[in-house]
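Could you slot chains B, C and D onto chain A? The hints should help.
Chains as they are written, first to last, in full-length UniProt numbering: chain A, 1 to 324; chain B, 1 to 324; chain C, 1 to 324; chain D, 1 to 324.
Hints are supplied without guarantee of correctness; some may be wrong.
Repeated chains share a single entry, so a pair holds when one copy, or any two copies, can fit it.
Claimed, not checked - Within a straight-line C-alpha distance of at most 25 Å, the following computed DSS-like cross-link-like pairs (lysine-lysine) qualify:
| hint | residue 1 | residue 2 |
| --- | --- | --- |
| 1 | Lys-204 | Lys-241 |
| 2 | Lys-51 | Lys-213 |
| 3 | Lys-2 | Lys-83 |
| 4 | Lys-84 | Lys-312 |
| 5 | Lys-282 | Lys-312 |
| 6 | Lys-211 | Lys-51 |
| 7 | Lys-213 | Lys-241 |
| 8 | Lys-245 | Lys-84 |
| 9 | Lys-213 | Lys-235 |
No lab work stands behind these hints: they were computed from the structure.
Protein chains: 4
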Amino acid sequence: MKKIAVFTSGGDSPGMNACIRAVVRTGIYHEIDVYGIMYGYDGMIHGNIRKMQSHSVSNILQRGGTILKSARSEAFRTKEGRKKAYEELSKHGIEGLVAIGGDGTFTGAKIFFEEFGLPTVGCPGTIDNDIFGTDYTIGFDTAVNTALEAIDKIRDTAAAHDRIFFIEVMGRDSGYIAIECGIGGGAELVMVPETTTTIDEVVKSLKGLRKSKTSSIVIVAEGDEEGGAAEIMDKVKSRFKGEDKEFKVTTLGHIQRGGSPTAKDRILGSRSGMAAVEGLLKGESNCMAGIINDQVIYSPFDACINKSKPLKDEYLRLQELLSI
Amino acid sequence: MKKIAVFTSGGDSPGMNACIRAVVRTGIYHEIDVYGIMYGYDGMIHGNIRKMQSHSVSNILQRGGTILKSARSEAFRTKEGRKKAYEELSKHGIEGLVAIGGDGTFTGAKIFFEEFGLPTVGCPGTIDNDIFGTDYTIGFDTAVNTALEAIDKIRDTAAAHDRIFFIEVMGRDSGYIAIECGIGGGAELVMVPETTTTIDEVVKSLKGLRKSKTSSIVIVAEGDEEGGAAEIMDKVKSRFKGEDKEFKVTTLGHIQRGGSPTAKDRILGSRSGMAAVEGLLKGESNCMAGIINDQVIYSPFDACINKSKPLKDEYLRLQELLSI
Amino acid sequence: MKKIAVFTSGGDSPGMNACIRAVVRTGIYHEIDVYGIMYGYDGMIHGNIRKMQSHSVSNILQRGGTILKSARSEAFRTKEGRKKAYEELSKHGIEGLVAIGGDGTFTGAKIFFEEFGLPTVGCPGTIDNDIFGTDYTIGFDTAVNTALEAIDKIRDTAAAHDRIFFIEVMGRDSGYIAIECGIGGGAELVMVPETTTTIDEVVKSLKGLRKSKTSSIVIVAEGDEEGGAAEIMDKVKSRFKGEDKEFKVTTLGHIQRGGSPTAKDRILGSRSGMAAVEGLLKGESNCMAGIINDQVIYSPFDACINKSKPLKDEYLRLQELLSI
Amino acid sequence: MKKIAVFTSGGDSPGMNACIRAVVRTGIYHEIDVYGIMYGYDGMIHGNIRKMQSHSVSNILQRGGTILKSARSEAFRTKEGRKKAYEELSKHGIEGLVAIGGDGTFTGAKIFFEEFGLPTVGCPGTIDNDIFGTDYTIGFDTAVNTALEAIDKIRDTAAAHDRIFFIEVMGRDSGYIAIECGIGGGAELVMVPETTTTIDEVVKSLKGLRKSKTSSIVIVAEGDEEGGAAEIMDKVKSRFKGEDKEFKVTTLGHIQRGGSPTAKDRILGSRSGMAAVEGLLKGESNCMAGIINDQVIYSPFDACINKSKPLKDEYLRLQELLSI
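With the rest of the complex left out, here is chain A (with noise of 0.2 Å):
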């Protein structure tokens, strides 16, 4: 393998940049010509490739975002989409691909790879934490952190006011993010997608605090069973009529994405990167390199995708009593 190319695809996380910099300098390590695929498979489609050289990489480690960009593409849902591709790939030369996101692009990488037989190994990088086969992806300790320093300014403000506070971050079928969240941001209450609380439960939750709380913070994954965060505050107020007590919300929303990536993110982010390559140079394809209990381990696309991960019993157990 002499020629492998680089493209970042789905939702933006912190620390793709990082990975994509240790896609690139290992690359350049083995002697193979890195290419960088600027919007995802769109731009593959479109043949929008250019040769990376160490430095195209330089000072991009601590950056947000994702220096080769990202795009939706309805054209690579189709097979002549996917033919165009491939051909735009073979004019170059290339002969591996390392993919950085979440679901839908391992989904795309793996019809890919069945239909042109390209090597093609994956690095998980989304906020959501929800990819099977890997511990955490890339920019999920960052979106986690970032949520919970907008947690600790509402919950000033919540305990000035003594108002019950209710806060939607990221998460459309994982909880992970709002468990971390509640857990470090001491909340009262989490709600996740993971598990039933009925309104019900969340008025006599919040009732049974008033004695020994004047304010609460309730974080909602935007998954949740029950509706967004404002949904819910609107059926948990309308449960406190006649009771001097103030209800807010506030939506956490795309800052969650952005943002220098922290430690956690920029190491696993380039463990990622690095396995990628590597893991093409010692034949691994249609897989994942994720990192479990501290080792690289190659999951092949198909349970990365079916497989899901679940929320893990002692944080929710951990969340609750702590939250006395």
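Relative to chain A, chains B, C and D alone:
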């Protein structure tokens, strides 16, 4: 004057604790007893008043929120309520008041002074910077820096996906936070209540920038005449139909109220608190201790409440010129 | 077991408060009285012991330092001192101990247990991550992120002036902070006590980088065999005579010990604190509650003190490979 | 005037990039070509000059350091060097200069102007805030906030161990950073070059505080007449012999020069850069564009270099009074 009391009222702002600390320690320095009133006017009415020592305000300088808490008080809007408040203060022998807050706080303080003649000096504590009689209000600098950090993060993800982001910052009647965030965040457009920017103009600007910029950020003050950021985005988006452009919205919300105050806010809070106490001792009353051109100036509550502080034209021009 | 006590000892680390909070609340949850011992072993000897309530640990989760304070204790190194400590604990009816700290703390705890048989479980609180029996210690992640933020800032000014910076981070016997900062900060070189890097090698590396890099950063663990960062810089500088290259040194020092803990350290502190109490209840003693491969593991104090935790070879390789 | 050039010189400061961006974009707005000179006066002599476009300064507003880099230039201190510099500028047809830097930069600019008559306007870029003709310099606010964050962290560990910390901040001839950190950080004592504080006084103060404070922080400006923080600590420590008190020292160093600029510094850099270009166009020269009482003021280089800016007495008093 041998006994004074201090309270915070209205929305909390970072630096209020620095101000409380300065009031307490300046009082002690001048051998005056200082009392803290909890929950603003409401606590005044309920006699929620406690004597403060030097160590009561230890280790609070760097904290957001207010250790004296804040609350709304419907009762204080009535003559009976205010009479009750005066009686409670009299019971404790309070001879002077320091009121930390914004417009509403000073309106209450003015009426109370006119009715009962208790000497009162205000300190400008609000993140909005919408108070006449001071160049900056306590908490404004922190709010701007908090919003700016969020905007920096959002720019990472906006750039990664070539998106147009509408970001709503606080400021109901004032575009101060928005304009400073606009200049500091390198925003492409800023929408403030003080100037009229039509949807037509926004659309025209954004379309004009398409050649030179792949992503754009529009900062919207919550009080803008065209609506909040979400509403404005919807209007603008409908005018980009058929174009492959993604629009996103984020409302920064209450994170702007909390957090450890910046150096500027700690110093402003400290100066203002010291000036309030020393003003009371020198016979100042029914006025606010602001800082204008780096000098302590006592302005009548009447002026602070009724005069408006215009946005600087230079800032509007600076933002526009630099966004090319 | 109906009464336990908790204390912190040795150098403080961010997350110790999260751990104290977890100990107190887990105790309360299991209907046990929890006492706080102030100033570690010294306070034990002097009977500086107080009962803790749930609200005693409110609002401390996000704070650096330790509310129970820490101190050296010469007296506890004597048999008489320890006897006095045991008598004070007996007076309060203490039946179990949670010791939060590092090597020295556990050595004391082990001797104390062997002499008086009071069940004791430790929690690994130290920024150095040099304790066997846990993947990470409480405070390590925060220290690394604090150092990394400082390194990012220094890189700005290093790059502006094309300078070579030597940055000393904490770690007397351990290069953990240094190596994570080296990978995360994109350092050109890392000098750790675990490996030998001669001045010759440093000079050769830096001279080799002259073509590709205008500025360089060398991270030095305080315990490196070639001396501190200042000493190493002097040695290296003398080998660049006649060349127009500026060298600078910064010792990050005690900022690495303080600050609001990261999510990881809040969670690790919380888990470890809960595990210590529940371990005591289940009969664990003379051991530390660490987290290995994401599982709570109780390792004998003996092992924690005497076995050393090697640096990961993968990390050394990663840093070297990516610095090209 | 159709062609101007901009450069940075002396120590870098956060906000210099905001200033460069404003110079370039204001020039383009007024249909002027703007050239960037790399490495200050040194690059001027070597003709290291390149044309800047609007996108040359994209995405730099939020970055520390200076994209134009900085360097010392012995050659520029000679007549021959300056002649060479003038010839290089003439080759490019440069008709005006914007010099971003401090004292040394403006001294060079003044001599250069007097010899060759090339119109030059300066922008005050230095973290020390020691320049007459402007209330604040670009980078000062960021440096203070960076130092303050470090001081907050150190206070955590100082409090945990009841220690006395001596913290050295930057400021060779000026106590501005020190005094703002002293007020903002709640320091017990501040030692600045502008006032004389003897070791006797320091010892007396610290001994006096023993009853009320268990830990103390002394901020030392690097240019204090009693020496650096380490030297002062040693002197003080020797006077506490026999007392069980721990002393520690931290020198914050170069972290104060880097980092993402605060809102204030981004705005100040932007205003100053715009004012420099528009000043040149209106015929201003041999002067600096400062901001005094929120107005742009052009002060002759001569005054900026030779007049000193005294510390505010109010600040010294505020710090002292609030440290009780």
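Results of checking the hints against the structure:
Taking the shortest Cα distances, Lys-204 and Lys-241 sit within 25 Å of each other inside one copy (14 Å), while across copies they are farther apart (47 Å). In this assembly of identical chains, Lys-51 and Lys-213 lie within 25 Å of each other by CA distance solely across copies; the values are 20 Å between and 58 Å within a copy. Proximity of Lys-2 to Lys-83 under the C-alpha cut-off of 25 Å is restricted to the intra-copy arrangement: shortest distance 22 Å within a copy versus 52 Å between copies. For the identical chains of this complex, Lys-84 and Lys-312 are neighbours neither inside a copy (43 Å) nor across copies (43 Å), given an alpha-carbon limit of 25 Å.
Proximity of Lys-282 to Lys-312 under the C-alpha cut-off of 25 Å is restricted to the inter-copy arrangement: shortest distance 22 Å between copies versus 33 Å within a copy. In the homo-oligomer, the alpha carbons of Lys-211 and Lys-51 lie at most 25 Å apart only across protomers (21 Å), although the nearest pairing inside one protomer, at 64 Å, exceeds that limit. Within a single copy, Lys-213 and Lys-241 get their C-alpha atoms as close as 19 Å, which meets the 25 Å cut-off; across copies the closest is 47 Å, which misses it. In this assembly of identical chains, Lys-245 and Lys-84 lie within 25 Å of each other by CA distance solely across copies; the values are 23 Å between and 60 Å within a copy.
Proximity of Lys-213 and Lys-235 under a CA criterion of 25 Å is satisfied intra-copy only: 21 Å inside one chain copy versus 42 Å between copies.
Consistency with the previously given hints fails for number 4 only.
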